[in-house]
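Note that the protein sequences, when read in sequence, are chains A and B.
Under our numbering, the first residue of the first sequence carries the number 1, and numbering increases by one thereafter.
Under our numbering, the first residue of the second sequence carries the number 1, and numbering increases by one thereafter.
Source of the hints: derived by calculation from the structure; they are not laboratory data.
Mixed in with the good hints there might be a few duds.
[What the hints assert, rightly or not] With a straight-line Cα cutoff of 25 Å, these simulated DSS-like cross-link-like pairs (lysine-lysine) come out:
| # | chain 1 | residue 1 | chain 2 | residue 2 |
| --- | --- | --- | --- | --- |
| 1 | B | K90 | A | K147 |
| 2 | B | K10 | B | K90 |
| 3 | A | K143 | B | K10 |
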Amino acid sequence: MLASLIGYFGDFDLAEEAAAEAFAVAARRWPADGMPDNPAGWLVTTARHRAIDRLRRDRVLAAKLRLLLPGNGGGEPGEDDVAESAIPDERLELVFMCCHPALAPDAQVALTLRAVGGLATDDIARAFLVPAETMKRRLTRAKSKIKVAGIPFAVPSGPQLPERLAVVLAVVYLIFNQGYGDHQDTSGLAAEAIRLGRVLAGLLPAEPEVLGLLALMLLHDARHAARFDGQDLVLLPDQDRTRWDWRQIDQARALLARTRLDSARLDPAALRRGQYVIQAAIASLQAEPRLDWPQIAALYAELADLTDSDVVRLNRAVAIAEAEGPAAALALVEVLELPGYQYWHSTRAELLRRLGRADEARAAYRQALVLARTAPERRFLERRIAEA
Amino acid sequence: MQYALLIYSKPGATDGLGADERAAIHREYLDIKQEPGIVGGASLHPVETATTVRVQDGRTLVTDGPFADTKEIFGGFYLLEADDLDQATKVASRIPAARLGGVVEIRPVVTG
């Protein structure tokens, strides 16, 4: 039997494994189903099927490994167009495999950067401030889980697609924010996330949320140079608009326009705009010369309905402050109760300051200062306390 | 691939239900057992009947009760032949315990 299998496959290891599997199946089934008429023939056929399955899996694995090699899957055509991949189908499958919900979130991020982004393990470790050994173990564990648990190398079908796509987009956005939080983006993660966003937009050009996320990242990133004055944080209204990347803002707006066209063709249930499209629409409005605060507040209300997030409601209150004045906004902020959130305190402080309640404002700025994590934010708050 | 779908039930999950509803849930379990791909499985007697064995310094220690002191009770399992984890997840999500306050743990089976 083994010889027959080796002859069939020309691979000793494979044949031996297939035979063992066939015996195991027989041991399980024969007592219950009875012995087949031709036991030897049954075993060979079963073993062949097992081996073919295994070969298929290995072929998929080989395809995946090819994608992991540097120089493949990393090439990007002109950075102005949405990327057209040379091997579009497999890259999409790879993304969905890396962002499978059966993997831990930190593993999803690491795998996506390694396998789709082609980043070196050491660089990923540095970007997330973990020892290289830890990142290596994390990746090894994730790859092993993919193999042993049978996480598919496939694009999820129909009803599964939206929730699985949401995981992919969350991973990309998390990568972006990890880079964006650092004012020089020394890790290059913000740029990497935008690159991933372009690849996804090329592969799924009809998914409004994919375009929305790319537009959102492009809009945030376009203001990057103006966000800091030396080491100090500059708020949106005070930013030097000539330092914004207007070409990138135009690209983002073109993407947003496409989400409107595409959503018109979808079924009515899908007409509800997704969170990235709404956030990008807000960021686009924020780049206008005169800010349409009532419209921005309305978009935040739409986003709050969708996400049920108090942080979003806080942002809506900020827009209301501009549209209707600080008193109306403070009433909205006071009901939120986000005591562990720095920006709740700093927003309260700002509104109290504008209402002339200086003592309360200083106290609230101090609470924000306790929670501030980056040096530029701390300096900004200290300045405010001194001025209040 | 072969997967064990380990079924952890919430105690008393069906207490408030009528006989008909309980029978319907029982039928669901039997229906899943008939699915193509299900190659084995077992339903276990209640935890009160469990005995735990461990060996320390060569001595066998036998204690009354289940090993894991969790709220949910391991009540049985299916053995499933499936192409991949997504296919296994589809079957697991139809196991009644999963929507009745319990969980189903999917574990790949060592084969060969």
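A quick look at each hint next to the structure:
1. Taken as a hint, the K90 of chain B and K147 of chain A pair is honoured in the structure, with Cα atoms around 19 Å apart against an allowance of 25 Å.
2. As the CA atoms of K10 of chain B and K90 of chain B are separated by approximately 21 Å, the hinted pair is consistent with the 25 Å bound.
3. In summary, the hint linking K143 of chain A to K10 of chain B is not supported, as the alpha carbons are separated by about 33 Å, beyond the 25 Å threshold.
In this structure, only the earlier hint numbered 3 is contradicted, and the remaining ones agree with it.
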